[in-house]
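Asker: Protein chains in written order, with numbering that gives the first Met the number 0: chain A, 0 to 399; chain B, 0 to 287.
The hints are simulated quantities; they were obtained by calculation from the structure and are not laboratory data.
Model, not experiment: these values are computed from the prediction.
There could be a bad hint or two in this list.
[Stated by the list, open to error] Looking from chain B toward chain A, a few residues come up when the C-beta cut is under 8 Å (computed): (1) Thr-7; (2) Gly-9; (3) Leu-109; (4) Pro-114; (5) Gln-115; (6) Ala-116; (7) Thr-126; (8) Gly-130; (9) Gly-163; (10) Phe-208; (11) Ser-209; (12) Ala-211; (13) Phe-213; (14) Glu-248; (15) Ser-258.
Quick reminder that beta carbons are idealized off the backbone N, C-alpha and C, glycines included.
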Amino acid sequence: MHTSQKGGTLLLAGSLILTLAACGADAESESSGGGGGSGDCVLTLGTLGPLTGPAADFGLSMEAATKFVAWEANQNGGLQVGDQTCTVEVSSYDTGYTSAGAATGATEFASQGIKFVVGPLGATELTGMKPVAARYDMLLDANGFGREALEEEYPLVFHLGPGPFVWSGPIIEEAKKHFDFETAKVIATNDESGDDIAIINEEKFAEAGIDVTRETYQRGTQDFAPIVARLMRGNPDVIDFASSPAVDAGTMMKQLRQAGYDGVFARLGGESTAEILRVAGEENVQDFFYYAPVDHDAEEIVALKPDFKEATGMEATGISLGWIPGARTLLESIEEAGTIDDTEAVAEVMRENDLSDPTLGQGVWTGEEQFGVNQEMSWPFFMGLIKDGAEPTFTELSAD
Amino acid sequence: MNEIIQTTVGGLTLGAQYALMALGFSLAFGILRVINFAHGALYVVGGYVAYFVTGQIGLPYVFGVMAAVLATAAIGYLFELFIIERRIDDHLATIVLTLGLSLIGGAAMLGLFGPQAVRFPPVVSGTLQLGGVYIPYGRILVIVVAAFAIAAVYLLLYKTQMGGALRALTDDREMAIAMGMRPKVLFPLAFAIAAGLAGLTGALVTPQFSLAPFVGEHVLMISFLAVILGGLGSLPGAVIASVLVGLVESFVGVYVGGSWAPLILFTGILVLLVIRPTGILGHRTVNA
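Based on the sequences and whatever the hints tell you, model everything.
Answerer: Dropping the structure here:
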């Protein structure tokens, strides 16, 4: 009897240990700063976002971009910070695409002594992280298409843009040249990350003279049959999935086609075309226009992709390519400021950066009009187009 | 009118799918009194096994489904035999143990297949069109399999000696053992069947939607909901509750809006459980 109880207790303890180990599998820490490597010092960049779950494509793409930029700096002999040569390392954290996850990630980074963070990328993540990051004087090289991504009270937050406020309108106008549409529905999750983008898209469709309505759904939905039936009411010419996680958008596309919908799909949100095509099946994404941060066919992008694969083990996605100039700007600013501790000094230098990127070309500082804070790094943007199932093409657009 | 029919059909197909999802969970609880938190993970493992056999090895889909059932049933059998059985009377311990299995299963799939969704297209494609009503063939397959699975489990429990023995062990274990029934043989088999049903559901349903390591959470939630609403341990109750949940989700989703479905659904369940705490077909247990 005694032996049996002891065995049971051991089993239970073993299970708990395995459980805790499994919980910890989300958080991957490569370095907590300090010495090591070939340089005199180590600069650890934090990067956080959804690394698992339906929006994992966003987070993994951003993480890969951070790793690539770190690899690039190390390949060039390290980062020259004052009289030190620093090796750049990356520490990742899985936020689960939640506000609480991002706030916990900020605390985790603080405990590692990390001062510079690439990310987060969701509006709700950024909202949750900003106050915690401010407490620890962290500099955030963030994204997130929320309406309050940048605020005066958080001067150490920089934004990689532009967002839908800038590109939705021009993309809709461009799409009208390729597709004949008069009605549209916008669908997104019923939280900050969904609402903030969907509301802007709705306004931009309306400004373009399109009769538009907006629908929402609960994050975590897997069977979209009722949502699909509602989307099909009125048979809209276009259905825009805004910033819905790629898996959700792909599943909805698949179910919409099964239900007989033959209209056009749009994705005026974070680009996850590869993931969407994988989930939906290419045969279901025949007519599709979307926001693309880069032109995948551009010479510079094509040339960069093999290095990216070598450095990260991942194929470069639109999101990862879009993050590269922002992360490069951060490293340039650290080098120029000559410090890996003083985030305010780095921010000061960063605001003066000319945003000239070897891959994406010339960027500009924006954000004043939308946020009242001119700390948004904007590079040219594109409309990706799949028509009649053909290979995607890209058109460069501007805010005007 | 077409819209109402489409919504009803949509709700029924959703309900049938939920019933299939909840069946294994209900069986594990009904027979072993184990709240199997690994049910969602077994669904995911079933999906990945089918994907691996069909998408990676290239065998026909039917072999993928069979492999999914066998693999998850084997996991269930061994897990019950070597782990659950030792703590079968400690409900808290079985919850923690199955939760542990769930996390291990999820982490294993994450490690083996990565965090992103894999391409697992439905083998049964196309849509049946009846007037203005559309029903994908994949869903019809799920309904047919759900009907067979429900019937098979019912026959197993109520029309076979093994089922009688299982029910006897559930009602009064000590008396059943005294009568010659062997829980160490029967309980692992029952858990294997429950796990195999989760694997079967994963193999059938994930190609219709998406397959990624996290997709089991929703299945676990729906299964738990159906079992609570239907009445703990009642298989017919779980089926009725699943169909009810499907219909509510469908009608609210279409006529009120996707965001309102969970609110209205859970409010309804709350009210129903206040009025009838044992669930739709549950019975109050009176201790002698």
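Asker: Next, verify each hint and record whether it holds.
Answerer: Hints versus structure:
1. Thr-7: With Cβ-Cβ at 11 Å, over 8 Å, it is violated.
2. Gly-9: 5 Å, holds
3. Leu-109: 7 Å, holds
4. Pro-114: 4 Å, holds
5. Gln-115: Given a least distance of 5 Å, the restraint on Gln-115 of chain B holds.
6. Ala-116: 5 Å, holds
7. Thr-126: 5 Å, holds
8. Gly-130: Hint on Gly-130 of chain B: violated, closest Cβ of chain A at ~12 Å, above 8 Å.
9. Gly-163: 29 Å, violated
10. Phe-208: Since chain A brings a Cβ to about 5 Å from Phe-208 of chain B, closer than 8 Å, the hint holds.
11. Ser-209: Cβ of Ser-209 of chain B sits 5 Å from chain A, so the hint holds.
12. Ala-211: 6 Å, holds
13. Phe-213: 5 Å, holds
14. Glu-248: Holds, because the Cβ-Cβ distance from Glu-248 of chain B to chain A comes to roughly 6 Å (cut-off 8 Å).
15. Ser-258: It holds, given that the least Cβ distance between Ser-258 of chain B and chain A is near 4 Å, below 8 Å.
Hint compliance for this structure: hints 1, 8, 9 are broken, all remaining hints hold.
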